[in-house]
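Asker: Residue numbers (my numbering), protein chains in the order written: chain B, 1 to 328; chain P, 1 to 325.
In case anyone wonders, no lab produced these hints; they're calculated from the structure. In this text, all values refer to a predicted model and were calculated from it rather than measured experimentally. Mixed in with the good hints there might be a few duds.
[Unchecked claim] Calculated cross-link-like contacts (lysine to aspartate or glutamate; reagent style EDC-like; alpha-carbon spacing at most 20 Å):
| id | chain 1 | residue 1 | chain 2 | residue 2 |
| --- | --- | --- | --- | --- |
| 1 | P | K33 | P | D296 |
| 2 | P | K164 | B | D55 |
| 3 | B | K108 | P | D57 |
This is what each chain is made of:
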Amino acid sequence: MRTLTFAQALNEALRQEMQRDPLIYVAGEDVGTYGGIFGVTAGLLDEFGEKRVKDTPITESAIIGSAVGAAGTGLRPVVELMFVDFIGVALDQLFNQAAKIKYMFGGKAEMPLVVRASCGAGIAAAAQHSQCLEAWFMHVPGLKVVLPSTPYDAKGLLIAAIRDGNPIVFLEHKLLYGIEGPVPEEPYAIPLGTADVKREGQDVTVVATMNMVHKALAAAEVLSREGISVEVIDPRTLTPFDQDTILNSVKKTHRLIIVTEEVKHAGSSAEIAARVAEHAFDYLDAPIKRVAAPFVPVPFSPPLEAEFVPDEAKIIAAVKGVVMAVAA
Amino acid sequence: MALDKDLLLRLYTRMLTIRRFEERVGELFAAGKLPGFIHLYIGEEAVATGVCANLRDDDFITSTHRGHGHLIAKGGDLKLMMAELYGRKTGYCKGKGGSMHIADLGLGILGANGIVGGGPPIATGAALSAQYRGTDQVAICFFGDGASNQGTFHEGLNMSSVWKLPVIFVCENNFYGISMSQERHQQISDIADRAAAYDIPGFVVDGNDVIAVYEAASAAIQRGRAGEGPSLIECKTYRHRGHFEGDPTVYRSKEELETWLAKEPIRRLEARLLEMEIVAADELGRIDGEIRAQVDAAVAFAEDSPYPDAVEIFDDVYTGEPVLV
Chain B
1 MRTLTFAQAL
11 NEALRQEMQR
21 DPLIYVAGED
31 VGTYGGIFGV
41 TAGLLDEFGE
51 KRVKDTPITE
61 SAIIGSAVGA
71 AGTGLRPVVE
81 LMFVDFIGVA
91 LDQLFNQAAK
101 IKYMFGGKAE
111 MPLVVRASCG
121 AGIAAAAQHS
131 QCLEAWFMHV
141 PGLKVVLPST
151 PYDAKGLLIA
161 AIRDGNPIVF
171 LEHKLLYGIE
181 GPVPEEPYAI
191 PLGTADVKRE
201 GQDVTVVATM
211 NMVHKALAAA
221 EVLSREGISV
231 EVIDPRTLTP
241 FDQDTILNSV
251 KKTHRLIIVT
261 EEVKHAGSSA
271 EIAARVAEHA
281 FDYLDAPIKR
291 VAAPFVPVPF
301 SPPLEAEFVP
311 DEAKIIAAVK
321 GVVMAVAA
Chain P
1 MALDKDLLLR
11 LYTRMLTIRR
21 FEERVGELFA
31 AGKLPGFIHL
41 YIGEEAVATG
51 VCANLRDDDF
61 ITSTHRGHGH
71 LIAKGGDLKL
81 MMAELYGRKT
91 GYCKGKGGSM
101 HIADLGLGIL
111 GANGIVGGGP
121 PIATGAALSA
131 QYRGTDQVAI
141 CFFGDGASNQ
151 GTFHEGLNMS
161 SVWKLPVIFV
171 CENNFYGISM
181 SQERHQQISD
191 IADRAAAYDI
201 PGFVVDGNDV
211 IAVYEAASAA
221 IQRGRAGEGP
231 SLIECKTYRH
241 RGHFEGDPTV
251 YRSKEELETW
261 LAKEPIRRLE
271 ARLLEMEIVA
281 ADELGRIDGE
291 IRAQVDAAVA
301 FAEDSPYPDA
311 VEIFDDVYTG
321 EPVLV
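For reference, chain P alone in the conformation it holds in the complex:
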């Protein structure tokens, strides 16, 4: 498909931004600068990028514990994200949420989520809200192969199918739920097959081909906007790192990892851009340099920011009058 050169460059830049941000986060975590758990999106950039490139700011996404890629793809601010990872009060959530709970309501980002399967009902509800208010907004629900076994996945698909809600369920099948390989946690191979159980369209896509993801998402989003109901897109992909930073990944073989590294999404698009002569190699280097500078600026912003004051612990439990302060 003939895609616009600007779009291809945007897709590339966005994926590389995610990659450089995540690499840096990995280094910072290893250096002991980031509290808590970190779940890196490295290797899966094409999924978030390809899907979100179709979205408006007023479309919704629900994300997962592995949510930095979704947040950046939807337009999240690197500084505010980094500050949140550092637990500083200038972060997206004033330091109250951390990596697994980053949200930007102004960009329709309804939060990363620490509960596997927490997203599908919430995305269903956001789609319900759009339908109720008569807009053509859509909701994207990102979730993994592990989450596809949760009851909430089934309830979300069922409710959105019977009510014809504009939600697109995007499965990032990276073949593992922590240490459980897909073949050990479900009988089926193609999670997209589960769409048939709910009488909705389901598609398998090469999740490391950002253009394929973009096109599949585009069609599903158009269906949603036109009132034709939900879709399920399964993107086969792979996480380069462990489930969490520090995970010894004893459950995966080196050979398997190397196979997937060879198919990773950013170098694939890079090769196409060069081959189609959309960019020259030095331009790619310039883009990379700019991105690294943005990541540096985000780290500097975070490290210069204060922690929340102790009294802030009581803020924002409720709307209106505080309770039991």
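Just chain B, same shape as in the assembly:
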């Protein structure tokens, strides 16, 4: 199978869906002539024209808000938030309007809206351009939250998100845009709410999201050489959440580590840990551990940023902590 980068896979998803459905349009800052600052919308303006690929002013409330109005009146917007950190200036339109309109109106409205946003640290973009905010969106009934880790998942999940018909926050870790992986040429949709076992193992379950999936896989490889078999699970979506895949894994391995790049306090890992503690308590042979970022804004200076972002060493230490706890 041919390989694409994560950004190319997203681009292909957008292109194929826009070819299929003339009501889909793309809007955002610099998405048209510039092709998006991460290149995800490259070439779409040439293929589909200005009506369907709209460069917007710097005006997030109107970008997302107009998408709400358009989605409620027959169109299918896929808007881009250049950095998830910019959601602050438009949050009302997302969480008070888009997420709640269908419910508040007694089911009568449709709100097929995808908000794509880059996220994550690692390029010294500093505190206001580097956050992982998925926990905010998880907490809003009416939103769905999707966060792929591979080009294959990216294309399939974006196609599913576009077709889903609900307001969806689609998060793209900025360090993933350049990674390569096999991607089928035809359109395909990965059902939202299905986790993926990225690596099978017996001794410990590691649940990880976005870029942490790759760090968890790297850590698993190192650990396997030391005789520790790690199962890595990528939830792929936080709402809806595939609890069963994780519970089945924990029932097999009896140990759970959750790795995300978010600040640990009140991150998505807290929700996942609570659910496993509630539903698989008797299967756990060690406390659930979370590997996440410290409770600080993302620092600028590269050595500090490296300290912020969880790495393989921290994952390996966490795994050994729960494995050794039993052996000791």
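Model the placement of chain P on the given structure of chain B, informed by the hints.
Answerer: For chain P alone, kept in the frame of chain B given last:
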């Protein structure tokens, strides 16, 4: 301007329907029958009525927290509205929304909105949808003087001006944002002046003259339908009641209220109808009687309707498969 007699009677009937509905809602709220907050439109009827009389069912409006007048003016069903205010499952939103979130998508009513300034981006998007699909539908955005300071107002005007979208921004300037008088919340007096900042037409209108509102809206709507882009119409008006029912309105003087009561829109049109001999006084009484009967029927419908069942709490969070039920 020589307006059609039927139109004048329709305008009168519609305004009076809003007035009688709102008066009744005020009484019911005072009697403890309606949960939550109520924000009455009494005094501002000419704005919603004059604007919406120009609209088709497939045109869009976005409304505000003070939205009952807009909903009725756009053709909303009194029974379904009243049932929603009572929180019954037969209401417009199955009891899920309440006064500030009533919507009728079939009539292009994209909802009352509990967030001040929530409407402009949504109306901009509805106009975008019309332009995208190549129709001549327009979107009306109702908002108040308070909302004219919100970032969303500016973003909506900016986006619709640069993309030439068919949205008409109708400011209901009642001179107060809750307790903040206009002179305390903005430097300018005429909000229509802000249109110049976006290079779009802006007009000040006597918001208590339903004919003036009708004519200004008509021109703006025609511009929108012709692809000439957005307009801003500022209607000077006044709310007779407080911001919410129960508001002691300590921030307004009795004299100011009385000045505006003397200029209220329904009696003004009534005087014209009588003077032009379009109706006789007893005909007006008959119209009023019919309207009151409709309001009575709406209340009876609401009071006879059941509340939603507890399991309905999970309905309609998402389209398709439920999540986390």
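Asker: All hints, please: hold or fail.
Answerer: Evaluated hints:
About 15 Å separates the Cα atoms of K33(P) and D296(P), which keeps this hinted pair within 20 Å; it holds. A C-alpha spacing of about 14 Å is found between K164(P) and D55(B), which places the hinted pair at or below 20 Å, so the restraint holds. As the CA atoms of K108(B) and D57(P) are separated by approximately 16 Å, the hinted pair is consistent with the 20 Å bound.
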